[in-house]
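With the hints as extra help, turn the sequences into a complete structure.
What follows is the residue order along each chain.
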Amino acid sequence: MKQEEKKINSTDKKNSVTVILPAKHCQDGHAANFDWSKRIRSIVGIFVLLIIWQITAQYYDQPWIFPSVTRVLSQLAHPLREHYASGTLLSNTLISLLRVLLGFLFASIVGVTLGIVMGSISFIRDILEPVIELLRPLCPIAWLPFAIVIFKLKTLPQLFGINYSHTIFDQVQIGMIFVIFVGGFFPVLTNTLDGVASVRRNYLLLAKTLGASPVQIFYHVHLPAAMPMILTGLRQGLGLCWFVIIAAEMMTGSDSGIGYLLMYAADNSAMDIVIAAMLIIGAVGAMLSFLMRRVMFRFVGWKEKEI
Amino acid sequence: MTQKTEKQKESRYAKAIKIQKLSKVFHSESGSTVSALHDINLTVNSGEFITVLGATGCGKTTLLNLIAGLDIPDEGYLDLNDNLKFGMNIAYVFQHYTLFPWRTTLNNVAFALEMRGISKQERKLEAVKLLSKVGLEGFENAYTHELSGGMRQRAAIAQALAMKPKLLLMDEPFGAVDDSTRADLQRMIIQLWHENQITIIFVTHNIDEAIILGDRVLVLSERPGKIVNEFDVNLPRPRNHLTPEFTEFFMKIRQTLSGQLD
Numbered sequence: 001m002k003q004e005e006k007k008i009n010s011t012d013k014k015n016s017v018t019v020i021l022p023a024k025h026c027q028d029g030h031a032a033n034f035d036w037s038k039r040i041r042s043i044v045g046i047f048v049l050l051i052i053w054q055i056t057a058q059y060y061d062q063p064w065i066f067p068s069v070t071r072v073l074s075q076l077a078h079p080l081r082e083h084y085a086s087g088t089l090l091s092n093t094l095i096s097l098l099r100v101l102l103g104f105l106f107a108s109i110v111g112v113t114l115g116i117v118m119g120s121i122s123f124i125r126d127i128l129e130p131v132i133e134l135l136r137p138l139c140p141i142a143w144l145p146f147a148i149v150i151f152k153l154k155t156l157p158q159l160f161g162i163n164y165s166h167t168i169f170d171q172v173q174i175g176m177i178f179v180i181f182v183g184g185f186f187p188v189l190t191n192t193l194d195g196v197a198s199v200r201r202n203y204l205l206l207a208k209t210l211g212a213s214p215v216q217i218f219y220h221v222h223l224p225a226a227m228p229m230i231l232t233g234l235r236q237g238l239g240l241c242w243f244v245i246i247a248a249e250m251m252t253g254s255d256s257g258i259g260y261l262l263m264y265a266a267d268n269s270a271m272d273i274v275i276a277a278m279l280i281i282g283a284v285g286a287m288l289s290f291l292m293r294r295v296m297f298r299f300v301g302w303k304e305k306e307i
Numbered sequence: 308m309t310q311k312t313e314k315q316k317e318s319r320y321a322k323a324i325k326i327q328k329l330s331k332v333f334h335s336e337s338g339s340t341v342s343a344l345h346d347i348n349l350t351v352n353s354g355e356f357i358t359v360l361g362a363t364g365c366g367k368t369t370l371l372n373l374i375a376g377l378d379i380p381d382e383g384y385l386d387l388n389d390n391l392k393f394g395m396n397i398a399y400v401f402q403h404y405t406l407f408p409w410r411t412t413l414n415n416v417a418f419a420l421e422m423r424g425i426s427k428q429e430r431k432l433e434a435v436k437l438l439s440k441v442g443l444e445g446f447e448n449a450y451t452h453e454l455s456g457g458m459r460q461r462a463a464i465a466q467a468l469a470m471k472p473k474l475l476l477m478d479e480p481f482g483a484v485d486d487s488t489r490a491d492l493q494r495m496i497i498q499l500w501h502e503n504q505i506t507i508i509f510v511t512h513n514i515d516e517a518i519i520l521g522d523r524v525l526v527l528s529e530r531p532g533k534i535v536n537e538f539d540v541n542l543p544r545p546r547n548h549l550t551p552e553f554t555e556f557f558m559k560i561r562q563t564l565s566g567q568l569d
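As given, the protein sequences belong to chains A and B, one line each in that order. Going by my numbering, the first sequence opens with residue 1, and the numbers climb by one from there. Going by my numbering, the second sequence opens with residue 308, and the numbers climb by one from there.
Some clues are possibly wrong.
Stated by the list, open to error - Among the chain A residues that face chain B by a calculated CB cut under 8 angstroms, a handful are:
{"#": "1", "residue": "88"}
{"#": "2", "residue": "110"}
{"#": "3", "residue": "203"}
{"#": "4", "residue": "208"}
{"#": "5", "residue": "211"}
{"#": "6", "residue": "212"}
{"#": "7", "residue": "224"}
As the list claims (entries may be wrong) - Below 27 angstroms or equal to it, Euclidean Cα-Cα: the simulated DSSO-like pairs (lysine-lysine) are:
{"#": "8", "chain 1": "B", "residue 1": "392", "chain 2": "B", "residue 2": "440"}
{"#": "9", "chain 1": "B", "residue 1": "392", "chain 2": "A", "residue 2": "208"}
{"#": "10", "chain 1": "B", "residue 1": "322", "chain 2": "B", "residue 2": "392"}
{"#": "11", "chain 1": "B", "residue 1": "427", "chain 2": "B", "residue 2": "440"}
{"#": "12", "chain 1": "B", "residue 1": "471", "chain 2": "B", "residue 2": "392"}
{"#": "13", "chain 1": "B", "residue 1": "559", "chain 2": "B", "residue 2": "533"}
{"#": "14", "chain 1": "B", "residue 1": "328", "chain 2": "B", "residue 2": "427"}
{"#": "15", "chain 1": "B", "residue 1": "559", "chain 2": "A", "residue 2": "208"}
{"#": "16", "chain 1": "B", "residue 1": "471", "chain 2": "B", "residue 2": "436"}
{"#": "17", "chain 1": "B", "residue 1": "322", "chain 2": "B", "residue 2": "533"}
{"#": "18", "chain 1": "B", "residue 1": "559", "chain 2": "A", "residue 2": "154"}
{"#": "19", "chain 1": "A", "residue 1": "208", "chain 2": "B", "residue 2": "325"}
{"#": "20", "chain 1": "B", "residue 1": "427", "chain 2": "B", "residue 2": "392"}
{"#": "21", "chain 1": "B", "residue 1": "559", "chain 2": "B", "residue 2": "392"}
{"#": "22", "chain 1": "A", "residue 1": "208", "chain 2": "B", "residue 2": "471"}
{"#": "23", "chain 1": "B", "residue 1": "392", "chain 2": "B", "residue 2": "436"}
{"#": "24", "chain 1": "B", "residue 1": "471", "chain 2": "B", "residue 2": "440"}
{"#": "25", "chain 1": "A", "residue 1": "208", "chain 2": "B", "residue 2": "427"}
{"#": "26", "chain 1": "B", "residue 1": "533", "chain 2": "B", "residue 2": "471"}
{"#": "27", "chain 1": "B", "residue 1": "431", "chain 2": "A", "residue 2": "208"}
{"#": "28", "chain 1": "B", "residue 1": "440", "chain 2": "A", "residue 2": "208"}
{"#": "29", "chain 1": "B", "residue 1": "427", "chain 2": "B", "residue 2": "325"}
{"#": "30", "chain 1": "B", "residue 1": "427", "chain 2": "B", "residue 2": "471"}
{"#": "31", "chain 1": "B", "residue 1": "431", "chain 2": "B", "residue 2": "471"}
The hints are simulated quantities; they were obtained by calculation from the structure and are not laboratory data. Beta carbons are placed, not taken as given, at the ideal position from N, Cα and C, and that holds for glycine.
This is how it looks when you write it as structure tokens:
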């Protein structure tokens, strides 16, 4: 009998799975050796760039146009320093993040729900898809004037009848949330829709033969099968939300946020703050993307190796 | 005692499935029609092991799908007796995509029980038992991508058995594994068939496999799919490939199939 059985019996429960994946072990061992030189090389590039930047900036010595690395770093080292009565680097970053998270949360809930409904009920999909395809190509920022007119500068606490809550939430305008919602909504919706609608027919038949009811098929097949696409949509959506908020904060009518501080500092020729803000925006964007990747791997790791 | 054995005997010869003049036509998008099955007449006894043999694309899968209720016939009768009920005691093992890749092996095997609302503890117990029956102990927490082709089919069979099926439909389940694994799986399925008293309809394009497994071998023709011949394989089990009787069956079936090709 028995190649396969021997393999099964000769391994104990704990490492039985790893035994049939020897390739993975090799790769890991290999990676540990390989990483060092690769890591050094990747740092070298950044280091050279910083040195060229520093030398050029010192040579021209016009910090209001091109500040040195050290000036920018000193701004980053003091994230609690107040600028132009517009708050600090840290406080403005937190305001932007809060806006994005609220808008994204809203976009995720509506996008995933609607995506699931449209993906599973073709009648509703037929009605809504043209509307969505019409609105989707529109740049989210183009919604901003409309949102400001509709929502004025109403803040989140004001929506609940509190005029001034003396918290960070006073900086969260409904119009901003709306624009972020528009930015995050479409990628979440379209990916969820595709994920739910494109489940392999075999899995549906398999579940059916195993006695699953339509509702059970939805929960145990449609949803898990669509999960990788849903999370891809959420990752794209969150990234786009972060792009959109920075642009929205640079527009007229805004009075806080890291995008606003960047614009305001530029108007005042404080290029060290501008570049510091740029670095923060990049770092936060990378961090959000990294976190979403971790979430994806945690929940849909099986997808990576699906055959 | 005698009554019981008589009853068993009775159920052994009871008709599980009765098919009369069954036909199925597919319409392709380009407008052409393909007659997948034509005038199928077949009676399957309870507890019988039937193998269906034919070239790829001759409607074997369609026949299984019709019996499983996954497709609707255009003409003819299909009677399921023996309390056979779709989704309850008719299990189906496919060739591909036999397991849900987002579930562990244990949870795949427990799927049918979960759908029936059986408690987590109970279904785990049952699934572990089934996994050891198919030789997969220790792989409870492995995902599909961590299993070899043969292991996947073992898990798929355990998944099907969890339904406690009376009828087991198998669509070229061992088509994608190597020869030695295939022989192991064949022995295993015979063993499980003996233990569980189930009716099995097993589709294959491998003549050897059809004779090794089946009480009866049905040979299907190509387009339209028709039963062209039927062989009662009255060889004792376990069957040996290297006997003249086996070879005789092989030759006869081979000739029937070649006759189809001409």
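So if I understand the rule, the pair passes when the alpha-carbon distance is 27 angstroms or less; does residue 559 of chain B with residue 533 of chain B pass?
With Cα atoms ~18 angstroms apart, residue 559 of chain B and residue 533 of chain B stay inside 27 angstroms; holds.
Hint check: residue 392 of chain B vs residue 440 of chain B, CA-CA at most 27 angstroms. Holds or violated?
holds, 25 angstroms
Taking 27 angstroms as the top limit, are the C-alpha atoms of residue 440 of chain B and residue 208 of chain A close enough?
holds, 24 angstroms
Given the hinted pair residue 427 of chain B and residue 392 of chain B, is their alpha-carbon gap at most 27 angstroms?
holds, 25 angstroms
Please verify that hint: residue 88 of chain A, Cβ, nearest Cβ of chain B, below 8 angstroms or not.
violated, 45 angstroms
Under the criterion that the straight-line Cα-Cα distance not exceed 27 angstroms, is the pair residue 471 of chain B, residue 436 of chain B satisfied?
holds, 13 angstroms
Residue 471 of chain B paired with residue 392 of chain B [C-alpha distance capped at 27 angstroms]:
holds, 12 angstroms
Does the alpha-carbon distance linking residue 533 of chain B and residue 471 of chain B stay inside the 27 angstroms limit?
Judged against 27 angstroms, a Cα distance of about 31 angstroms means the pair is violated.
Straight-line alpha-carbon gap residue 208 of chain A to residue 427 of chain B, limit 27 angstroms
holds, 21 angstroms
Below or equal to 27 angstroms on CA atoms is what counts here, so check residue 471 of chain B against residue 440 of chain B.
holds, 14 angstroms
Restraint check for residue 322 of chain B with residue 392 of chain B, where alpha carbons must lie at most 27 angstroms apart:
holds, 15 angstroms
Would the pair residue 427 of chain B and residue 440 of chain B pass a check requiring their Cα atoms to be no farther apart than 27 angstroms?
holds, 20 angstroms
Hints 1, 2, 14, 15, 18, 21, 26, 29, counting from the list given before, are not met by this structure.
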